[in-house]
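Undergrad: The lines below spell out each chain.
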Amino acid sequence: MNGQLSRTVIEPTNPRLNVSRNANLPHSPGIRVGEYIFLSGMGSVDPVTGGRNLGPIGDQIRQTLRNMAHMLESAGSGLDRIVKINVVLADIQDYDEMNRVWQEFFPVDPPARTTCALQLSNGNGVEIECIALSGS
Amino acid sequence: MREILLVPSPGLDLRHHYGHHQSPAIRAGGLIFCSGMVAVNPETGEREHGTLTSEARRIFENLKLLLESAGSSLDRLVQVHAMIYDRIEYDVLNRLYRQYVPNAPPARTVMSVQIEAGFKVMLDVIAAA
Amino acid sequence: MALQRDVIAPKDPAVDMSPNLNLPLSPAIRAGEFIFVSGMVAIDATGERMHGTVAAETREILAAMAQVLESAGSSLAKAVKVNVLIYSMLEYNNMNEVYREFFPAGAHGLRRQAQRRQQGRDRMRGAGLKQ
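Protein chains in written order, with this note's numbering: chain A, 14 to 149; chain B, 190 to 318; chain C, 4 to 134.
Simulated from the structure, these hints should not be mistaken for laboratory data. None of these values were measured; they are calculated from a predicted model. Glycine included, every Cβ here is placed at the ideal spot set by N, Cα and C. Take these hints with a grain of salt, some might be off.
Rough simulated footprint, nothing fancy, chain A against chain C, three-plus residues with beta-carbon under 8 angstroms [what the hints assert, rightly or not]:
| id | stretch |
| --- | --- |
| 1 | 40 to 54 |
| 2 | 71 to 85 |
Just a sample of chain B residues kept apart from chain C, beta carbon distances all over 10 angstroms, derived [to be verified]:
| id | residue |
| --- | --- |
| 3 | R191 |
| 4 | L195 |
| 5 | G208 |
| 6 | H209 |
| 7 | A217 |
| 8 | G218 |
| 9 | T240 |
| 10 | T242 |
| 11 | E257 |
| 12 | R287 |
| 13 | D313 |
| 14 | I315 |
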């Protein structure tokens, strides 16, 4: 039988973005297994203060995706290596705005995506998770 | 190449007990994809409604049985979608959750949704084989 | 050498939600041994949103998903994980009856279903495995 895939924890280079550690939550920011990276759901966190960065939904989504880019780059990957991304909105009415912002971050060959609307915590407007390929 | 995994204990086969058109777990590409696990008795398949804590405990014990029989383990979980019936139980979930994955826990997103049969919690997981 | 990721373009453009609904997503992405499929809603042969019963929408979605996977050299039979988002759990049986037709006994993928508040009545997403 083949050897097992290795499994390692991914953490962001910027410690302010390590919500798992800072908020003492039972998840890792990300897990690398074989050639894939699975990220925990991320919200709009300020990379300077580590606090929540709420405001218009467009800005929340931009901040979340920038943080996601940082998380993946910390692991040698990047937004362009995302294969599947799941977006949870607090309000489905924000769907069109989310689409507009999306083009800024995924201009070419965007990842497969599923979006839905659910109850979120702490006034967050969005939470995003993804599966990406590891880097070379 | 995908392989449908057999359940180690008859109660874990929800297709047999409840007619859910799903396999309990499938191994493919070095990963194990599990169907959403709820609080059922692993021997009899009976639903065990309770508090969020008691249901989550049963779920983790069931996942432990399932993954270990496939040569994996809770330590090898890579991604969890934790579905809870109401976000108000977030802290309650965490308290139980940490007991089962204390070190290097898997990536997670918590989603508040309506779960089948009035359960309070369901875990949808992917593990490394 | 890192894994590559390829965008899957369905052979039949009518099942491709992204240009028809002006969405910045790829219908599916192949990476390594897996194919990750975007969440799909029911669209008709002209590419318009199709709102109907849950049974009708489920049928439309799974037929389209089969086409997307076949364009990638895979199939529904190779699905490893399907997530079904349904607007109300009361419609579970309606969805299930149609679902069974597409996943014959003994060769079906996993599934998890939960109610979500969302646009459109029914939406499915899946990860299929290519050959």
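Undergrad: Regarding the assertion that B:L195 does not contact chain C, is the least Cβ-Cβ distance greater than 10 angstroms?
TA: 13 angstroms, holds
Undergrad: With d taken as the least Cβ-Cβ distance between B:R287 and chain C, does d exceed 10 angstroms?
TA: Non-interface label on B:R287 holds, nearest chain C Cβ at 23 angstroms vs cutoff 10 angstroms.
Undergrad: Please confirm whether B:G208 is truly not at the interface, meaning its C-beta sits more than 10 angstroms away from all C-beta atoms of chain C.
TA: Check fails; 8 angstroms does not lie beyond 10 angstroms.
Undergrad: Regarding the assertion that B:T240 does not contact chain C, is the least Cβ-Cβ distance greater than 10 angstroms?
TA: 20 angstroms, holds
Undergrad: Just checking, B:I315 versus chain C, shortest CB gap more than 10 angstroms?
TA: The claim is violated: B:I315 sits with its nearest Cβ about 8 angstroms from chain C, within 10 angstroms.
Undergrad: Given as covered by chain A, does the stretch 71 to 85 of chain C meet the bar of three residues or more with CB within less than 8 angstroms?
TA: Check failed, 0 qualifying residues.
Undergrad: Is the nearest Cβ of chain C still more than 10 angstroms from the Cβ of B:R191?
TA: 5 angstroms, violated
Undergrad: Per the stated criterion, does the least C-beta distance between B:E257 and chain C lie above 10 angstroms, as a non-interface residue requires?
TA: 19 angstroms, holds
Undergrad: Take a quick look at B:H209 and tell me if its Cβ sits farther than 10 angstroms from every Cβ on chain C, holds or violated.
TA: 7 angstroms, violated
Undergrad: Would you assess whether B:D313, listed as outside the interface, keeps its beta-carbon beyond 10 angstroms of every beta-carbon in chain C?
TA: 5 angstroms, violated
Undergrad: So is B:A217 really clear of chain C, every C-beta pair being over 10 angstroms apart?
TA: Not fine: 5 angstroms to the nearest Cβ puts B:A217 too close to chain C.
Undergrad: According to a criterion of three or more residues whose C-beta lies within less than 8 angstroms of a C-beta of chain A, is the stretch 40 to 54 of chain C covered?
TA: holds (count 3)
In the structure shown, a violation is registered for the earlier hints numbered 2, 3, 5, 6, 7, 8, 13, 14, in ascending order.
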